[in-house]
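Colleague: Chain by chain, the residues:
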Amino acid sequence: MHRYSFVLYRPLQLIPVLFGISVLSFVLVKSIPGDPVRMLLGTKATPEAVARIRALYGLDEPLFMQYFYFLKNLGIGEMGQSILYKTPVLPLIADRVAPTLFLVIGSVLLTLLIAVPLASVAATWRGRAVDHAIRAFTTAGLGFPAFWLGIMLIILFSVKLGLFPVAGYGETVIDKLHHMILPCLTVALALSAVVTRNLRASMIAELASDHATAARAKGLSESWIFRRHILPNSLIPAINLLAINVGWLIGGSVVVETVFSLPGMGQLLVRAIFTRDYMVVQGVTLVFACATVLLNFIADVLTVAADPRVKL
Amino acid sequence: MSDFALSRGNWLERGIGALRLGRANLNLRLGAGIVLAWALVALLAPWIAPFDPIAHNLPDKLQGPSLAYPFGTDNFGRDILSRVIYGARIDLQMGVIGVLFPFLIGTTIGSIAGYAGGWVDSVLMRLVDVVLAFPFLVLMLAIIAILGPGLYSFYIAMALVGWVSYARLVRAQVLVLKTSDFVTAARSLGFGRLRILFRHILPNCIAGSIVFSMSDVVLVVLSGSAISYLGLGVQPPTAEWGVMIAEGQNFITTAWWITTFPGLAIVFMALGFSLLADGLAERLGLRQR
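In order, the protein sequences belong to chains C and Z.
Each residue of the first sequence is one higher than the one before, starting from 1 at the first, in the working numbering.
Each residue of the second sequence is one higher than the one before, starting from 1 at the first, in the working numbering.
So here's chain Z without its partners, still in its complex pose:
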């Protein structure tokens, strides 16, 4: 926390510094490595995928893992490896966008609630209580029921439901910082309320939310793939890991590879973000080992 408050360097320098100083921090380096690797896979998918992820190739259907098809093929003869590689694009995008909007909305609402106090705070926090009273996935599904299945419905539902954790987190931080000396100093200099909130308080309480957002990516990817598995998110024939698992479930007695590899992909992407969150928390001194 302290170096976030004190350092005056630009964001890039701080970012590089965070990576360099993590020499003893295995979690951070391993997590960043895995996440970076997935980002590369998603970016370079058209060049590294050996086959078209959607085109049918019926003569080669339901083949087990081999040299030609390392992860086997599905009932349409599509290469599972290529589909897993293309799936990284959708699932990574799901994780990033699915966290970004809740992060922005929650941070804004939380900081307003914490800084304004009074009835504004009470109303906003009661709203948080109500949203939290619903089981997360059930409320998501109820919203998707109204909007209709699809990836965009998932993003909207995520934004409507996911912001509450960020709002709580930021509000608690703002409440603490509001009474700190540097805020009093800024106020005595005659700075406006918005300037104090956005230039002085928020930059100092954002670290916790960023760390949380990394572990939140895990939850979002798991929910997104689960909703797609249920048939209410990403629609076939798009190569998305949850969709692939749903498609493969009809063939579990004969072709285990169709479901196994997309699931492992989810596990490894989630592992990357979990480690990154742990490592960042450690690096920023937010959590004890």
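The shape of chain C in the complex, shown without the other chains:
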């Protein structure tokens, strides 16, 4: 079979997971305490009116039929109405995708920009003072709360040095870039700890490997070996690590969007929870879960593209 044939059949394997995601989202909304019809009509509604609304929304049908309607509506992109914004949920979410996507992609790029040099330095001078300092950073960095890190960066770069805006998203592209640097740096600093740690370990393993020894025996310089042999090989597990951390990354972006008042999906979610806008909560949760599944799939494709030995 062709190496890339999994791109065709893997989505089929994802169907049970997507099915499960939809069931869990349905269960979440079904377990909201209180009767939705009573909430809609108030406590003084007549039993006839309650029964009519119940029939209108299919709430008098068995649970699995209700789930079936829910699924059918999802299929046509219908996720219900937001109580707070008085608009359909899906367009509301679509408006909020850009800042979140910007934050996630920017953070991943910055993470690599921080982690690759740090891990290279630590692996090259293993056991020296530099290595110990970098390892101390990776151990302590695991415990840095992203929201606190964001505020510390605001105090340092915005309040004391006046380099970046304190919060907000900006209008033009340049303006947005200017606004997004600190949020991205916040997530990247927290994430780079775990990435640096793993990258350093795989670099050390690669440095001791047979192919590196063979390259040395050919008389190639250490820097050439590092760039052409060690780095590409140790980046492959890093891609996987980032894929595993996609869920964490999205969770982190929810919090960081709140810290910096970014109008993204995370901020939408948090506001919806406060205002009991359950359809929005359900919609954002569903979209985030599907995004996680999709990003993991993309990471699989990238891994196969980067490493000819991997077969999925």
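If you are wondering where the hints come from, they were derived from the structure by calculation, not from laboratory data.
Be a bit skeptical, because a hint or two may be false.
[To be verified] Now the stretches of chain Z that chain C is said to cover, found in silico as 3 or more residues with beta-carbon under 8 Å:
#: 1; stretch: 229-241
#: 2; stretch: 253-267
[Stated by the list, open to error] Calculated from the model, a selection of chain Z residues having no Cβ within reach of chain C, i.e. all distances over 10 Å:
#: 3; residue: Ala32
#: 4; residue: Leu151
#: 5; residue: Tyr152
#: 6; residue: Leu169
#: 7; residue: Ile196
#: 8; residue: Leu197
#: 9; residue: Phe273
#: 10; residue: Ser274
[Said to hold, decoys possible] Here are some, though not all, of the chain Z residues that point toward chain C, as calculated from beta-carbon distances under 8 Å:
#: 11; residue: Asp129
#: 12; residue: Phe134
#: 13; residue: Leu141
#: 14; residue: Ala145
#: 15; residue: Ile146
#: 16; residue: Ala226
#: 17; residue: Ala270
#: 18; residue: Leu271
We treat Cβ as the ideally placed atom computed from N, Cα and C, and that holds for glycine.
Take the given structure of chain C and dock chain Z to it, following the hints.
Modeller: Coordinates of chain Z only, in the frame set by chain C:
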């Protein structure tokens, strides 16, 4: 692993032995030291905190760090040091309870899945896949949205979401041990399935979960304080580090100390548990340096 399988001493002896034998294990000793120190701070909070963590004292509001107030005061004149000390009670409790229930639930489900196999295993593991498909914090927030904000909602959400990692970990171990010789021996002696699972298999695969639970405390404390920061966990005026950081964010231009010190407290508590996890893994031979 091996000494867990072989030693017959009681849990206390083993625990003491683990600490004593870690003489070259700096991570373990440093981690245990930091965690123990936080536990003492939490336990002795009423005696070591110089001020009441909640009572307002408006004449002294927004004072920078000084001899009287080493960490400064907030906008209500409350001493930040005292609040950080009392916060250790909540955050440590959050870490312990937030790990305990996922640990118990996950270990039970994982061992049942691994030992029973067949359709039970398939169903339980598909459930794990589905829960893992959701971003951890997002699913937590969705559950809290339904239960309403608060510390107990956080514990329930944690139990509903956090068990999956333990279930996976334990299941993998049980699958390996299920076919080992000592289990075959126990089975040939006619022992019941539950007895074999709980008395023979589980004690041998629990070490990995315990080490994982130590690093999991870091994740739980970070999530708990983040959820409290968002206003959906512990509620003010309770002195909790995430809550304190949220309260201090309005004053970052004038009073950096309100946000800085609770954050450092989280970092140091997390560091303690990270080091403890690393040290334990090393000590039990679960991970190479």
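Colleague: Please verify that hint: Leu271 of chain Z, Cβ, nearest Cβ of chain C, below 8 Å or not.
Modeller: Since chain C brings a Cβ to about 5 Å from Leu271 of chain Z, closer than 8 Å, the hint holds.
Colleague: Within the assertion that chain C covers the stretch 229-241 of chain Z, do at least three residues meet a Cβ-to-Cβ distance smaller than 8 Å?
Modeller: Since three or more residues must qualify, the claim that chain C covers the stretch 229-241 of chain Z holds, with 4 doing so at under 8 Å.
Colleague: With chain C as the partner, please determine if Ile146 of chain Z meets the hint condition of a C-beta pair closer than 8 Å.
Modeller: holds, 5 Å
Colleague: Against chain C, with CB atoms and a cut of 8 Å, does the hint on Asp129 of chain Z hold up?
Modeller: holds, 5 Å
Colleague: Evaluate the condition: distance from the CB of Phe273 of chain Z to the nearest CB of chain C exceeds 10 Å.
Modeller: Answer for Phe273 of chain Z: violated, closest chain C Cβ roughly 8 Å.
Colleague: If I take the minimum Cβ distance from Leu169 of chain Z to any residue of chain C, is it greater than 10 Å?
Modeller: holds, 14 Å
Colleague: Hey, does Leu151 of chain Z actually stay past 10 Å from chain C on C-beta?
Modeller: Given that every Cβ of chain C is farther than 10 Å from that of Leu151 of chain Z, nearest at about 16 Å, it holds.
Colleague: Run the C-beta distances from Leu197 of chain Z to all of chain C and say if the shortest one exceeds 10 Å.
Modeller: holds, 27 Å
Colleague: The output says Tyr152 of chain Z does not contact chain C. Does that hold with a beta carbon cutoff of 10 Å?
Modeller: Nearest chain C Cβ is 14 Å from Tyr152 of chain Z, so the label holds.
Colleague: With chain C as the partner, please determine if Ala226 of chain Z meets the hint condition of a C-beta pair closer than 8 Å.
Modeller: holds, 5 Å
Colleague: Return the status of the interface hint for Leu141 of chain Z: holds when the least beta-carbon distance to chain C is below 8 Å, violated otherwise.
Modeller: This hint holds: Leu141 of chain Z lies near chain C, its Cβ roughly 6 Å from the closest one there, short of 8 Å.
Colleague: So, as I understand it, the hint says Ala270 of chain Z touches chain C; can you test that by seeing if any CB pair is closer than 8 Å?
Modeller: holds, 2 Å
Hints 9, 10, counting from the list given before, are not met by this structure.
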